[in-house]
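Number of protein chains: 2
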Amino acid sequence: MAQSWSFLDICESDFRPLVVIELAKSAKAETIEWFTKRIVDKKAKGGAQLLVKRLLTEKEGENIYLVGASHLRLLLGAETVGLVKECNDNSMRTFTYSSRKTFKDFADDNHDFLTMAECQYIIKHELENLRAKDEKMIPGYPQAKLYPGKSIVRRLLTSGILVQIFPLHDREELKKLCHSWYGRVKVGYQPLDEIRCYFGETIALYFGFLEYFTFALIPMAVIGIPYYVFAWEDYDKYVMFATFNLLWSTVILEVWKQICATMTYRWGTLLMKRQFEEPRPGFHGILGINPITGREEPVYSSIKRQLRIYLVSLPFVCLCLYFSLYVMMIYFDLEEWALDYHEENDSNFSSLMLFVPSIIYAVVIEIMNRIYRYAAEFLTSWENHRLESSYQNHLILKVLVFNFLNCFASLFYIAFVLFDMHLLRQSLATLLITSQILNQFAESLLPYWLQKRYNRMKKRLCSPKIDKDLSLVEQVNLEKEIGTYCGTFDDYLELFLQFGYVSLFSCVYPLAAVFAVLNNITEIHLDALKMCNVYKRPFSEPTANIGVWQLAFETMSVISIVTNCVLIGMSPQVNALFPDSKMEHVLTVALVEHLLLAVKFIIAFVIPDKPRDIQIKLAKLEFESLEAFKRQ
Amino acid sequence: MAQSWSFLDICESDFRPLVVIELAKSAKAETIEWFTKRIVDKKAKGGAQLLVKRLLTEKEGENIYLVGASHLRLLLGAETVGLVKECNDNSMRTFTYSSRKTFKDFADDNHDFLTMAECQYIIKHELENLRAKDEKMIPGYPQAKLYPGKSIVRRLLTSGILVQIFPLHDREELKKLCHSWYGRVKVGYQPLDEIRCYFGETIALYFGFLEYFTFALIPMAVIGIPYYVFAWEDYDKYVMFATFNLLWSTVILEVWKQICATMTYRWGTLLMKRQFEEPRPGFHGILGINPITGREEPVYSSIKRQLRIYLVSLPFVCLCLYFSLYVMMIYFDLEEWALDYHEENDSNFSSLMLFVPSIIYAVVIEIMNRIYRYAAEFLTSWENHRLESSYQNHLILKVLVFNFLNCFASLFYIAFVLFDMHLLRQSLATLLITSQILNQFAESLLPYWLQKRYNRMKKRLCSPKIDKDLSLVEQVNLEKEIGTYCGTFDDYLELFLQFGYVSLFSCVYPLAAVFAVLNNITEIHLDALKMCNVYKRPFSEPTANIGVWQLAFETMSVISIVTNCVLIGMSPQVNALFPDSKMEHVLTVALVEHLLLAVKFIIAFVIPDKPRDIQIKLAKLEFESLEAFKRQ
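Just so you know, the sequences run in chain order V and Y. Read in the UniProt record's numbering, the first sequence has 600 at position 600, and its numbers run on one by one without any break. Read in the UniProt record's numbering, the second sequence has 267 at position 267, and its numbers run on one by one without any break.
Copies of one chain are not kept apart here, so a pair can be met inside one copy or by any two copies together.
The calculated lysine-lysine pairs, modelled on BS3-like cross-linking and capped at a C-alpha distance of 27 angstroms, are:
{"no.": "1", "residue 1": "Lys257", "residue 2": "Lys304"}
{"no.": "2", "residue 1": "Lys133", "residue 2": "Lys620"}
{"no.": "3", "residue 1": "Lys620", "residue 2": "Lys150"}
{"no.": "4", "residue 1": "Lys145", "residue 2": "Lys304"}
Since the hints were derived computationally from the structure, they do not count as laboratory data.
With the sequences and hints as input, model every part of the structure.
Spelled out as structure tokens, the structure:
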């Protein structure tokens with residue numbers, strides 16, 4: 001392999017490629033030189049102080065660079081990003097280079113102290129925070145403007161010079177992980193710690209939540225089965241099921257917080273200080289002084305952001321919601337019209353026509369979803385959030401509300417306007433089962449199958465011994481072509497909508513939990529397969545919790561208390577209990593609902609968010625930090 | 001004045017008496033000698049290292065001691081209690097002796113750096129944390145057992161050897177404060193900063209809240225007046241008023257959090273670390289290691305405490321609530337019986353009999369309240385909370401729930417069982433106005449009048465020139481006899497119940513806010529008078545917010561949304577809107593209520609708890625603390 005080492009401050013012979021940078025084939029030499037120089041330059045000169053090596057492939061004009069870093073550089077980077085590691089005394093502490101000796105498994109020659117995913121995260125962080133100093137533009141591209149503080153990588157990406165950045169897979173590790181994750185037939189837990197080491201905390205937490213949620217649904221499923229088997233239709237049995245369901249869903253969400261805290265404490269991310277994060281790469285503003293850190297960085301008026309959120313994004317979202325409801329009403333009109341047409345004509349053609357409204361509606365919903373998603377991404381980006389987490393939360397909230405309405409508006413309409421419980425049960429079952437099947441197919445099987453076909457083609461093209469001892473060049477070429485994992489968003493969204501199907505109308509369709517459990521068991525397997533085989537390795541993303549999703553699930557469980565109470569309150573059986581007094585009826589339903597809501601909030605209040613031992617460990621750390629500050 | 005200086009480590013001639021300790025007349029000399037020695041002893045020997053001087057009075061056998069401390073000792077004590085003061089760069093920092101030079105107004109000879117209230121707080125803290133070492137009992141009192149870690153002062157108090165500990169008034173300062181607070185006729189704000197300097201944060205925050213709440217009620221009162229003047233009975237006008245009222249009450253509670261944060265940041269208490277508080281004096285347990293600080297202190301199993309709370313306290317409270325409801329039902333039965341009796345006989349005696357049930361009920365409620373209060377205090381003390389704040393919260397919660405039921409259960413019964421809106425309005429007005437008058441009388445005028453009489457008597461007895469230049473002996477003798485201020489609990493409770501009267505049934509009685517405003521204007525004046533003239537000076541108590549009261553007020557505003565919606569929903573006008581469909585009626589009422597609740601929670605979520613500048617200052621401090629910890 002031809003060597004094209006860049007200048008290194010510490011010359012290491014064992015350059016370990018961690019991250020791949022693919023530049024456009026048309027990228028000018030001048031630009032490439034400037035960019036690699038900036039990557040290699042010392043920190044003091046505004047560089048990232050990393051190692052860069054050009055990958056020489058057979059293909060003409062390909063500009064692929066491998067990025068690595070010296071061991072020392074990675075340790076310093078770990079301090080910059082604020083990694084939290086375990087100490088010799090089993091406490092978790094923020095890693096600093098000067099206190100490195102106190103950390104568990106640290107040795108100057110132990111290059112496994114930082115996991116590969118951590119190293120890649122550090123490199124990504126450094127690359128993304130490579131900011132323009134006094135450059136007015138990207139050399140060679142006068143139209144790609146730069147200003148002080150602008151992230152260079154972001155500008156290179158938006159102007160098309162940089163095609164992609166992705167971390168390399170570690171074939172050895174991946175094989176081991178695949179084996180312990182889904183390689184053998186077994187009943188048991190997923191190797192979450194190993195998943196975390198390989199894919200990072202965000203993805204491990206998703207799989208942890210998926211697994212936990214599946215286990216938590218089992219009691220509901222078990223209780224739901226007899227309702228189907230014995231065809232129970234008693235009012236009091238439904239009430240019991242719904243009540244159990246509602247309180248149970250509160251408990252599981254609270255307990256998840258504890259489990260999550262325990263896991264992320266072990267992984268160190270619970271202690272990572274997020275508020276002193278560097279601004280996200282897409283964040284722009286004039287160069288100023290951060291009032292908190294006193295460091296120079298782009299600043300953007302928080303009032304301007306608030307104005308953008310409340311005066312532009314909020315009205316836009318409301319308009320979209322209204323439009324979506326309007327489309328739904330047209331769908332119900334069409335449905336009615338088709339039914340009338342069928343009754344009038346009663347031909348083969350007319351019975352085919354019965355399906356037309358549903359198909360049109362499904363297609364329109366899909367189109368709306370996609371357009372809305374682009375609009376939401378654009379708007380959230382335009383809101384110019386300083387932190388990546390804040391950006392993500394706003395994006396998730398926007399998409400969530402819209403998806404919630406698209407999925408459940410028709411069910412709400414059937415339940416509370418048409419009062420047709422039979423149709424409700426039928427629609428719910430149809431929607432739940434078809435959406436599960438479609439999702440599993442679209443999300444996992446389809447890309448997997450495409451990938452298989454693509455791989456076979458690849459094998460024929462480049463080397464017959466692929467997958468056995470793949471050369472670095474072949475590995476990079478293979479990985480750069482496969483799809484990019486777009487984050488856990490769609491996976492959580494699927495779970496969220498599933499949770500809605502299970503709990504919103506649980507009193508009319510107790511079997512929903514059974515389908516959910518069955519779906520999730522295969523979902524775990526398919527998602528694992530997808531992560532390991534179908535997509536590029538994603539960058540590790542440290543996180544302390546499932547973020548806005550926790551709030552979303554809790555909101556759903558509040559809404560489901562309301563819907564279930566109203567559904568049961570409207571049922572003929574309950575109506576029959578109050579033959580004379582409308583008022584008593586209203587009051588009783590309202591009272592029961594509010595008692596359930598109160599019990600729910602009390603449960604949520606009484607169960608602490610963090611287990612006691614984690615609370616003590618955190619308090620201890622805070623105490624130490626206070627004492628240190630005092631001594632200073 | 002005879003001198004009886006105790007041994008001092010630093011002999012200061014300007015001993016300034018700060019705190020008075022009154023021991024029983026029968027206290028043994030041996031005990032007194034041991035106790036004063038412990039107070040004076042060096043920290044290293046387990047003492048409090050304070051100064052003690054005996055007050056020689058004319059009266060035989062009185063054991064009154066004055067406690068003071070050297071300037072240096074107070075500064076070290078300020079570090080121990082974690083006082084936060086303003087630095088030269090205008091930031092607020094935890095005071096440490098070593099960094100004393102960086103604090104604003106600090107000079108080695110400036111004895112006003114710590115306010116008198118702060119000094120007294122420090123001395124109280126040191127006295128209360130004077131803990132037994134290897135003593136098995138209080139010398140001279142074999143029945144007063146001690147064990148390692150037991151607070152000596154607490155044991156002396158419970159065994160009756162120590163009569164009381166209280167801080168001395170500063171006549172000069174008090175006169176100035178009185179003048180600027182209520183001495184002159186003026187429209188404007190209270191001198192909250194001066195109140196805080198003299199009485200401490202808890203009391204200043206109560207007056208701040210009272211003032212804020214009064215101003216916040218004014219819009220409601222202004223809108224409520226035309227309803228009375230024009231006798232509006234329109235359904236839609238009531239709906240408008242109730243909606244405004246509900247959203248307004250959410251906004252004012254959220255804005256209060258911001259105002260409170262701004263005030264307590266300025267006072268330094270927002271930054272005081274409460275979690276590393278020493279255990280409260282009443283806390284007992286076996287001597288162990290605190291897992292957070294690593295220091296030796298009594299520890300008590302948290303599980304035991306939880307068991308006590310959930311298995312004893314909670315059932316007891318529920319039983320009391322049930323009993324209170326039962327008594328209310330008897331009252332309504334009696335009322336009905338009296339009405340029947342009056343209708344049958346229609347004599348003077350029978351019309352007198354009409355008042356008997358109300359009187360009996362009022363007396364029984366008062367008795368129940370008092371018994372319950374003692375029981376609640378006993379139970380909460382028995383729950384053995386480690387922190388004073390936790391003890392207070394549990395006590396407040398217990399008393400609050402019971403008082404809420406006692407005050408409002410009859411109104412709920414009239415509204416939602418008897419459906420008698422006319423009676424509801426009448427009862428509400430009667431309850432609100434009589435309770436306000438009675439409260440103001442009982443709380444302020446009565447003790448004030450008693451005090452006046454007592455003072456006049458005193459003057460005749462001891463010296464005619466009292467109040468002009470009072471000798472220390474006379475001042476102590478006077479102050480030790482006057483009543484003790486029992487904390488802000490009753491004052492907040494009164495406001496809380498008033499808030500309930502104003503908001504719970506605001507749609508039937510819009511005039512309530514007017515009465516509340518009028519009451520509060522005099523309440524501020526009377527409470528100020530009470531604090532300055534009627535009671536002993538209370539110990540300053542640092543606090544960052546109004547604690548559990550914030551939660552209580554927020555809960556009340558949630559409950560009031562529900563009650564108002566149901567009241568309006570049940571009204572004949574709304575009933576008339578849905579002549580055919582019971583279901584539509586239920587759904588519409590439920591929908592409107594939940595929309596209001598959702599809007600309320602969104603408002604509460606959107607308005608940040610702390611103003612932006614305070615957020616930045618706090619984040620900056622946290623960042624610095626983190627950096628200091630890293631450097632360490």
